[in-house]
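Read off the chains here:
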Amino acid sequence: MANNNPAKNILYQKLQVVIDEKMELQNPLIEILHQAQEIFGYLPAEVQQFIADQMRIPVGSVYGTVTFYNFFSMEPRGKHVINVCTGTACYVKGASKLIQMIEEELSLNMGETTKDGQFTLTSVRCVGACSLAPIFTIGEEIFGQIDSRNKLKTILDKFNRYA
Amino acid sequence: MSLEIKVGLASCGLAAGARDVYTAIENYLHKEKIAADLKKTACIGMCFAEPIVEISSEKFAPIIYGRITPEEVPELIEKFLTGTPNTAKAIIAKDCEAEENDTYNSQTRIVLRNCGKIDPVSIDDYLKVDGYKALEKSLKNMNRTEIIDEIKESGLRGRGGAGFPTGLKWQFAYNENNKKKYIICNADEGDPGAFMDRSVLEGDPHSIIEGMIIGAYAIGADEGYIYCRAEYPMAIKHLRIAIEAAEEKNLLGENIHGTEFNFELHIKEGAGAFVCGEETALMASIEGERGMPRIRPPFPAQSGLWGKPTNINNVETFANIAWIILNGAASYAKYGTEKSKGTKVFALAGMIRNSGLIEVPMGMPIRDVIYKVGGGMKTERPFKAVQMGGPSGGCIPAKLLDTTIDYDSITKTGAIMGSGGMVVMDTSTCMVDIARFFLNFTQNESCGKCTFCRVGTKRMLEILTKITEGKGEMEDLEKLETLSKNIIKGSLCGLGQTAPNPVLTTLKYFRDEYVAHIVDKKCVAGVCKPLIKYEVIEDKCIGCTACARKCPTKAISGKVKEIHLIDQDACIKCGICFDVCKFDAISKS
Ligand SMILES: Cc1cc2nc3c(=O)[nH]c(=O)nc-3n(C[C@H](O)[C@H](O)[C@H](O)COP(=O)(O)O)c2cc1C
Ligand code: FES
Numbered sequence: 000m001a002n003n004n005p006a007k008n009i010l011y012q013k014l015q016v017v018i019d020e021k022m023e024l025q026n027p028l029i030e031i032l033h034q035a036q037e038i039f040g041y042l043p044a045e046v047q048q049f050i051a052d053q054m055r056i057p058v059g060s061v062y063g064t065v066t067f068y069n070f071f072s073m074e075p076r077g078k079h080v081i082n083v084c085t086g087t088a089c090y091v092k093g094a095s096k097l098i099q100m101i102e103e104e105l106s107l108n109m110g111e112t113t114k115d116g117q118f119t120l121t122s123v124r125c126v127g128a129c130s131l132a133p134i135f136t137i138g139e140e141i142f143g144q145i146d147s148r149n150k151l152k153t154i155l156d157k158f159n160r161y162a
Numbered sequence: 000m001s002l003e004i005k006v007g008l009a010s011c012g013l014a015a016g017a018r019d020v021y022t023a024i025e026n027y028l029h030k031e032k033i034a035a036d037l038k039k040t041a042c043i044g045m046c047f048a049e050p051i052v053e054i055s056s057e058k059f060a061p062i063i064y065g066r067i068t069p070e071e072v073p074e075l076i077e078k079f080l081t082g083t084p085n086t087a088k089a090i091i092a093k094d095c096e097a098e099e100n101d102t103y104n105s106q107t108r109i110v111l112r113n114c115g116k117i118d119p120v121s122i123d124d125y126l127k128v129d130g131y132k133a134l135e136k137s138l139k140n141m142n143r144t145e146i147i148d149e150i151k152e153s154g155l156r157g158r159g160g161a162g163f164p165t166g167l168k169w170q171f172a173y174n175e176n177n178k179k180k181y182i183i184c185n186a187d188e189g190d191p192g193a194f195m196d197r198s199v200l201e202g203d204p205h206s207i208i209e210g211m212i213i214g215a216y217a218i219g220a221d222e223g224y225i226y227c228r229a230e231y232p233m234a235i236k237h238l239r240i241a242i243e244a245a246e247e248k249n250l251l252g253e254n255i256h257g258t259e260f261n262f263e264l265h266i267k268e269g270a271g272a273f274v275c276g277e278e279t280a281l282m283a284s285i286e287g288e289r290g291m292p293r294i295r296p297p298f299p300a301q302s303g304l305w306g307k308p309t310n311i312n313n314v315e316t317f318a319n320i321a322w323i324i325l326n327g328a329a330s331y332a333k334y335g336t337e338k339s340k341g342t343k344v345f346a347l348a349g350m351i352r353n354s355g356l357i358e359v360p361m362g363m364p365i366r367d368v369i370y371k372v373g374g375g376m377k378t379e380r381p382f383k384a385v386q387m388g389g390p391s392g393g394c395i396p397a398k399l400l401d402t403t404i405d406y407d408s409i410t411k412t413g414a415i416m417g418s419g420g421m422v423v424m425d426t427s428t429c430m431v432d433i434a435r436f437f438l439n440f441t442q443n444e445s446c447g448k449c450t451f452c453r454v455g456t457k458r459m460l461e462i463l464t465k466i467t468e469g470k471g472e473m474e475d476l477e478k479l480e481t482l483s484k485n486i487i488k489g490s491l492c493g494l495g496q497t498a499p500n501p502v503l504t505t506l507k508y509f510r511d512e513y514v515a516h517i518v519d520k521k522c523v524a525g526v527c528k529p530l531i532k533y534e535v536i537e538d539k540c541i542g543c544t545a546c547a548r549k550c551p552t553k554a555i556s557g558k559v560k561e562i563h564l565i566d567q568d569a570c571i572k573c574g575i576c577f578d579v580c581k582f583d584a585i586s587k588s
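In order, the protein sequence lines correspond to chains V and A. Note that numbering that gives the first Met the number 0 has the first sequence beginning at 0, numbered continuously upward. Note that numbering that gives the first Met the number 0 has the second sequence beginning at 0, numbered continuously upward.
It should be emphasised that the hints constitute simulated quantities derived from the structure, not laboratory data. By construction, the Cβ of each residue, glycine as well, lies at the ideal position given by its N, Cα and C atoms. Any given hint might turn out to be false.
Partial list, computed: chain A residues near chain V (C-beta under 8 angstroms) [said to hold, decoys possible]:
| hint | residue |
| --- | --- |
| 1 | 290 |
| 2 | 428 |
| 3 | 536 |
| 4 | 540 |
| 5 | 542 |
| 6 | 545 |
Construct all of the structure, not just a fragment, from the sequences and the given hints.
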């Protein structure tokens with residue numbers, strides 16, 4: 000793929016290594032997409048085209064799979080992705096209120112990224128820590144019982160500080 | 000004196016801050032030069048009391064402490080060492096009173112036998128508690144049909160939701176004459192609000208792997224997959240470590256226990272699609288495709304993964320297998336009812352005091368599960384309903400609390416047993432809103448293949464939204480019922496066939512709430528925003544301006560020390576004024 004941006008080229012090289020490695024598996028498309036999203040942060044059209052070319056499959060199949068699964072994103076995301084759980088237990092215990100608080104604290108709406116590119120706010124269907132509802136995750140860290148603005152602020156500040 | 004300390008570091012523990020407690024213990028032991036065996040374990044099920052620490056020694060039986068903060072660590076250990084354990088924070092203990100002794104002892108733990116007791120990533124810990132003995136027994140002393148017969152006799156039914164007899168399912172896969180067969184573990188745990196599988200995956204991964212190896216041997220499979228949802232990173236990590244350890248000990252791989260039997264096990268990560276919990280969609284997803292359900296028959300036992308005979312079971316189903324083989328079918332069938340044998344794990348969540356995991360014999364009334372084992376309601380507000388079966392299930396009202404827990408009784412209520420999620424609701428939950436919540440979920444997660452599921456759920460969601468906005472009409476209720484019938488009939492897979500259940504059960508048991516929304520324009524639970532009105536109570540307002548300053552739409556007017564007023568047209572019902580007022584001067588109606 001012709002690309003003049005050297006930083007980007009390194010990412011494509013990384014992806015190439017992943018694809019070469021996985022191609023021996025039976026249809027590794029989903030695994031490759033997982034890795035590609037890790038490398039690029041999201042899956043823009045050109046990355047999908049690259050994967051399709053390398054795997055010798057129609058780009059439509061790649062696009063179809065990307066849009067089918069909630070885990071894959073075609074939009075760039077912030078450095079920290081806040082996933083608020085909107086499962087039943089969290090819903091009953093005030094997930095909507097938590098979302099509202101985060102939206103206010105960060106001045107964004109669900110699905111958006113802050114202007115400084117620090118945070119993206121999305122939702123998830125349950126992370127299995129329902130006893131500690133309401134919950135959100137940032138990366139692999141889980142934060143439970145976030146029922147006050149102060150608790151929320153302390154956590155967000157921590158991530159902002161190590162930005 | 001040899002001291003042993005265990006800290007629960009499963010997802011629930013971490014969410015409650017257990018990592019800091021672990022570090023505090025580590026530092027304290029180091030600083031005071033105390034020789035102790037500090038271990039990481041997983042979730043014992045008492046998630047409501049996390050972070051949880053267990054301390055024991057030669058002299059003292061284990062005491063399990065709950066809600067421990069890092070600051071309390073030094074005193075806790077010191078008192079234990081000096082022989083005067085601090086029992087105020089004990090939640091489970093043998094030799095002394097403890098808050099949760101009764102709720103814990105009223106359980107029967109088969110699936111959860113090791114959860115929260117062993118280090119889940121240590122195969123040696125698992126071997127010490129008779130781990131992989133059932134596999135050895137199966138390979139050395141039983142032939143394949145004997146294993147299947149044993150599982151049949153135990154009466155074990157699939158724990159993934161539908162309750163199909165496991166032994167019979169294995170028999171079908173066994174009967175197929177094919178060199179290549181697969182076995183799959185369904186670890187997609189789609190019900191949002193359920194976490195039984197997560198706990199076992201994180202806390203006792205070897206028990207699932209052992210169950211799968213025995214199953215593979217019995218049906219004649221040489222390759223298997225665990226399909227685990229990507230939202231459970233710790234579960235995936237523990238499974239990876241467990242599989243590697245089992246391979247090193249030749250419990251996986253070629254010529255297991257020196258026999259002809261080979262078995263290779265892989266992990267497949269999901270990518271966030273609820274429908275992938277459905278078995279045929281799950282197999283499509285393993286094959287790298289979009290997770291679209293396929294028409295059955297042919298059933299997976301005849302033509303499953305890559306067209307080969309395949310047996311698929313749920314996590315909890317597999318976690319029962321080793322216990323049954325070791326202890327015998329009769330010991331298992333001793334528990335439960337005539338048609339639903341054994342025990343069942345439930346994830347209690349929502350407005351219940353002891354939210355967490357419990358395991359009880361089938362046949363226990365729901366009332367006992369909630370009030371005895373679950374410790375009753377969390378607040379003063381009364382019980383309203385318990386949601387079972389997630390998006391495919393329904394809401395069971397107070398008058399049916401004496402329903403016993405078994406597949407057939409639960410189905411009779413209109414809900415389903417499902418995988419074991421129980422979300423308890425009190426009067427602060429609006430039943431119309433909860434029906435809308437689930438329809439929104441299924442509508443989002445419908446794969447789009449069947450028109451009725453794709454469009455029908457959308458129409459139902461629109462009607463429900465209209466009702467929660469106070470714009471509903473009485474004939475909408477009939478429309479909902481007609482749509483429900485048609486969606487059930489016109490859908491290929493279980494997702495569509497069960498999607499209307501949350502609406503049908505709430506319509507059946509809480510019709511008056513629907514009517515109140517439509518006719519009186521009232522939401523008794525105070526949840527549906529368009530039906531709520533915030534007003535200033537003039538007698539109580541001192542004019543502090545706190546609400547006016549915080550109001551995001553500047554809908555509140557009034558000067559300092561003057562009574563404030565809310566402009567109803569500008570109010571977006573966010574409730575911030577209600578929360579910030581220190582004088583209870585805002586009313587919500
Ligand atoms: C929409 C839908 C979602 C499902 N989700 C799950 C799930 O998350 N976990 C599960 O074990 N079974 C799920 N099932 C049931 C599976 O299709 C299948 O019956 C089950 O894995 C069989 O295992 P068992 O016999 O051990 O219960 C789901 C079914 C449907 C229709
Ligand atoms: S419902 Fe939020 S963690 Fe399960």
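Chain V contact restraint for residue 428 of chain A - C-beta distance below 8 angstroms: This hint holds: residue 428 of chain A lies near chain V, its Cβ roughly 6 angstroms from the closest one there, short of 8 angstroms.
Chain V contact restraint for residue 540 of chain A - C-beta distance below 8 angstroms: 23 angstroms, violated
Satisfaction of the residue 290 of chain A interface hint, Cβ to chain V closer than 8 angstroms: 7 angstroms, holds
Given hint residue 536 of chain A near chain V, where the shortest CB pair must fall under 8 angstroms: 22 angstroms, violated
Restraint satisfaction for residue 542 of chain A [CB to CB of chain V, less than 8 angstroms]: 24 angstroms, violated
Given hint residue 545 of chain A near chain V, where the shortest CB pair must fall under 8 angstroms: At about 14 angstroms, which exceeds the 8 angstroms cut-off, the nearest Cβ of chain V leaves the hint on residue 545 of chain A violated.
Hint compliance for this structure: hints 3, 4, 5, 6 are not met, and every other hint is.
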